[in-house]
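Protein chains in written order, with numbering that gives the first Met the number 0: chain Y, 0 to 80; chain R, 0 to 569.
Bear in mind the hints are in silico, worked out from the structure with no lab data behind them. Mixed in with the good hints there might be a few duds.
Stated by the list, open to error - Result set (DSS-like, lysine-lysine): computed pairs, CA atoms no more than 25 Å apart in a straight line: (1) LYS16(Y) - LYS334(R); (2) LYS146(R) - LYS499(R); (3) LYS16(Y) - LYS5(Y); (4) LYS66(Y) - LYS325(R); (5) LYS409(R) - LYS334(R); (6) LYS409(R) - LYS325(R); (7) LYS338(R) - LYS325(R); (8) LYS338(R) - LYS16(Y); (9) LYS12(Y) - LYS325(R); (10) LYS66(Y) - LYS409(R); (11) LYS146(R) - LYS409(R); (12) LYS146(R) - LYS5(Y); (13) LYS146(R) - LYS73(Y); (14) LYS499(R) - LYS409(R); (15) LYS499(R) - LYS5(Y); (16) LYS499(R) - LYS73(Y); (17) LYS499(R) - LYS325(R); (18) LYS409(R) - LYS73(Y); (19) LYS146(R) - LYS66(Y).
Note that the coordinates shown come from a computational prediction; the quantities given were computed from them, not determined experimentally.
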Amino acid sequence: MNEDDKRWLDHPKNVDKLVYALAIACALSVLADFVWTRHGHFDFEEITGFYAVYGFVAYCFIVLSAKQLRRLLKRDENYYD
Amino acid sequence: MIDDLSPALILIFGGALMPLLPRNGRNIVLFGAPIAALAQLCLMESGNHVLWQVFGHQLITVRIDSLSFVWALIFCVAACINSLYSQHLRQGAELGRLQDASGLIYAGAGVGAVLAGDLLTLFVYWELTAISSVFLIWASRTETAIKTGIRYLIIQVGSGVLLLAGALLMLNTTGSIAFDHIGLDSTAGKLIFIAFGIKCAFPLLHNWLQDAYPQATPTGTVVLSAFTTKLAVYALARGFAGEEILIWIGATMTAFPIFFAVIENDLRRVLAYSLNNQLGFMVVAVGIGTDMAINGAAAHAFCHILYKALLFMSMGAVLYRVGTIKASELGGLYKSMPKTTFFCIIGAMSISAFPLFSGFVSKSMILTAAAEEHLWLVWCVLLMASAGVMDHSGIKIPFFTFFAHDQGHKVEEAPANMLWAMGIAAFLCVAIGVYPQPLYALLPYPELALQYNPYTSDHVVAQLQLLFFSAMAFVVLFRTGLYPPEIRSTNLDTDWVYRKLIPAAMVPVLDYTFALVDRIEDAIDRNVELWGNWLGVQFSNGFLVRDANSSVMVLLVIAVFAVSLIWAYI
Chain Y
0 MNEDDKRWLD
10 HPKNVDKLVY
20 ALAIACALSV
30 LADFVWTRHG
40 HFDFEEITGF
50 YAVYGFVAYC
60 FIVLSAKQLR
70 RLLKRDENYY
80 D
Chain R
0 MIDDLSPALI
10 LIFGGALMPL
20 LPRNGRNIVL
30 FGAPIAALAQ
40 LCLMESGNHV
50 LWQVFGHQLI
60 TVRIDSLSFV
70 WALIFCVAAC
80 INSLYSQHLR
90 QGAELGRLQD
100 ASGLIYAGAG
110 VGAVLAGDLL
120 TLFVYWELTA
130 ISSVFLIWAS
140 RTETAIKTGI
150 RYLIIQVGSG
160 VLLLAGALLM
170 LNTTGSIAFD
180 HIGLDSTAGK
190 LIFIAFGIKC
200 AFPLLHNWLQ
210 DAYPQATPTG
220 TVVLSAFTTK
230 LAVYALARGF
240 AGEEILIWIG
250 ATMTAFPIFF
260 AVIENDLRRV
270 LAYSLNNQLG
280 FMVVAVGIGT
290 DMAINGAAAH
300 AFCHILYKAL
310 LFMSMGAVLY
320 RVGTIKASEL
330 GGLYKSMPKT
340 TFFCIIGAMS
350 ISAFPLFSGF
360 VSKSMILTAA
370 AEEHLWLVWC
380 VLLMASAGVM
390 DHSGIKIPFF
400 TFFAHDQGHK
410 VEEAPANMLW
420 AMGIAAFLCV
430 AIGVYPQPLY
440 ALLPYPELAL
450 QYNPYTSDHV
460 VAQLQLLFFS
470 AMAFVVLFRT
480 GLYPPEIRST
490 NLDTDWVYRK
500 LIPAAMVPVL
510 DYTFALVDRI
520 EDAIDRNVEL
530 WGNWLGVQFS
540 NGFLVRDANS
550 SVMVLLVIAV
560 FAVSLIWAYI
């Protein structure tokens, strides 16, 4: 990459800023649970931060188990040729 | 007469004309046919049209009702967008003719199939979707694409054969071939169910999709993504709504492809897995079968066709410009393809069901329908799958293509026609998300749909929590190096069975057969030699050259005659 073509996103500091913004968004979305009580179809939906925890855990579960799956399923790129 | 002209036939005739027309004519038909089909569909009145009598059975070749209309409508819209997206093909090589023709005929077959009012008409269009679409794969003109196309064709045509068998069995037992609720009680119903299941990419029957779609041309994959599988969802909604087994099949479909999508390197194959996962949501809804659920399935099919096409279009543009679509070779493209990046992100946010984007207003209907039936386990699986969608389509596709590590590709922005096609699809994704009422009014149960409000604070906050924290999980995993890297690889899936296992299992069987044939040949050779020698001896100085009495000869002839007579009468 040549230096002239440096963009805003090429600076690690700016990427950090985006991560902080996401963290703030996360915090606000959970904070909302303290303001309103959710009325879901299921009782467990009303737990504060239920969706936050579920999203985080489900995401990690999917990605990390897929990583293990790769050990089993990964073959050379030209496996079928 | 013109009132009864099927919109499907407009597209099919347009497609059939394509190879005969000069370039300008092709441009006119390419846009004219889908727009005319769309207009004709909207002008036709509800009810049954174009009735034929065949062998005393009534065929309803066009049936417009609240269920078929919404599918036919989105198919026509998709055909318009596809025409725009592939318009640049007309500027160049001969390749374009084949793709233009097959793209329009395929779209027509899809429209015809959803409008079919009987199983025989459905069968004809069902097979036409298979035969016309395979050319979109073969148009890649690589050896791999040709082999893949043959596998695709065998599976698709096989699905049609099962459908025909089921339809004929049903005709035999019930005397009717009307395409209404079929149910799983009869053998005919089960055969038809499997036929639909193959096209719908049910688990274990799914792999034709991930095998074939990534092998088509950049424009071909966009066309393929719209019709076949959504036609199957429609067929299930028409024939098997409320069958409980569909809930579990659908839930499995939402879950398992996401694991494969995480580790797949070919980004169009990632989208094919993602497509499979999205179909799962629709299949669950069809299985639940309540009015709310059927509305959800129709709405989700509608939105899904648009955002999935948008994602495939953005990846097609990248493939067209860069020449590869492997995540391991891509990155940093936002610098040279900023508009494509922007449209891709809109597609990604729509499929992830961010509030104000189309996926949100349709998927939440399905989740609500599941919750209303107290299906907590299914509901939890769907929610997990939603986090999975956020990963593979929401983050992986845009991040590894346009951001991540800059691979230094210096390319042009996508051609103008592609940008326009993406722009229209992106506009519709946002428009439906912001103002879903026009879509809701088109659904099979419009009164119920228009009462439904996806934008309650409960819904919005819940969805934002889920998505923000999924994104945060990505950041954590990526920064700690736990996120699986994009590497060149092939991942095994069920196609391994028919691409490796069965051929490998055939080797000993074939070896044994060949060895057996060899032994038989040897035995024949030996015997021929033995008998030949004996005969040789007889001919030179044995009994065959001796003088014989004529009465003996007569006796011999009579004996042979007697034996043959007895033989004939046994």
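Quick rundown of the hints versus the structure:
1. LYS16(Y) - LYS334(R): Holds - the C-alpha atoms of LYS334(R) and LYS16(Y) are around 20 Å apart, at most 25 Å.
2. LYS146(R) - LYS499(R): 14 Å, holds
3. LYS16(Y) - LYS5(Y): 17 Å, holds
4. LYS66(Y) - LYS325(R): 18 Å, holds
5. LYS409(R) - LYS334(R): 9 Å, holds
6. LYS409(R) - LYS325(R): Measuring from Cα to Cα gives roughly 16 Å; hence the hint holds.
7. LYS338(R) - LYS325(R): Answer holds: LYS338(R) to LYS325(R) is near 20 Å, not above 25 Å.
8. LYS338(R) - LYS16(Y): Distance of about 23 Å is within 25 Å: holds.
9. LYS12(Y) - LYS325(R): 28 Å, violated
10. LYS66(Y) - LYS409(R): Outside the cut-off at roughly 32 Å; violated.
11. LYS146(R) - LYS409(R): 33 Å, violated
12. LYS146(R) - LYS5(Y): Cα-Cα ~44 Å, so violated.
13. LYS146(R) - LYS73(Y): Roughly 22 Å between the alpha carbons, so the hint for LYS146(R) and LYS73(Y) holds.
14. LYS499(R) - LYS409(R): 39 Å, violated
15. LYS499(R) - LYS5(Y): 47 Å, violated
16. LYS499(R) - LYS73(Y): 15 Å, holds
17. LYS499(R) - LYS325(R): 24 Å, holds
18. LYS409(R) - LYS73(Y): Answer violated: LYS409(R) to LYS73(Y) is near 31 Å, above 25 Å.
19. LYS146(R) - LYS66(Y): 30 Å, violated
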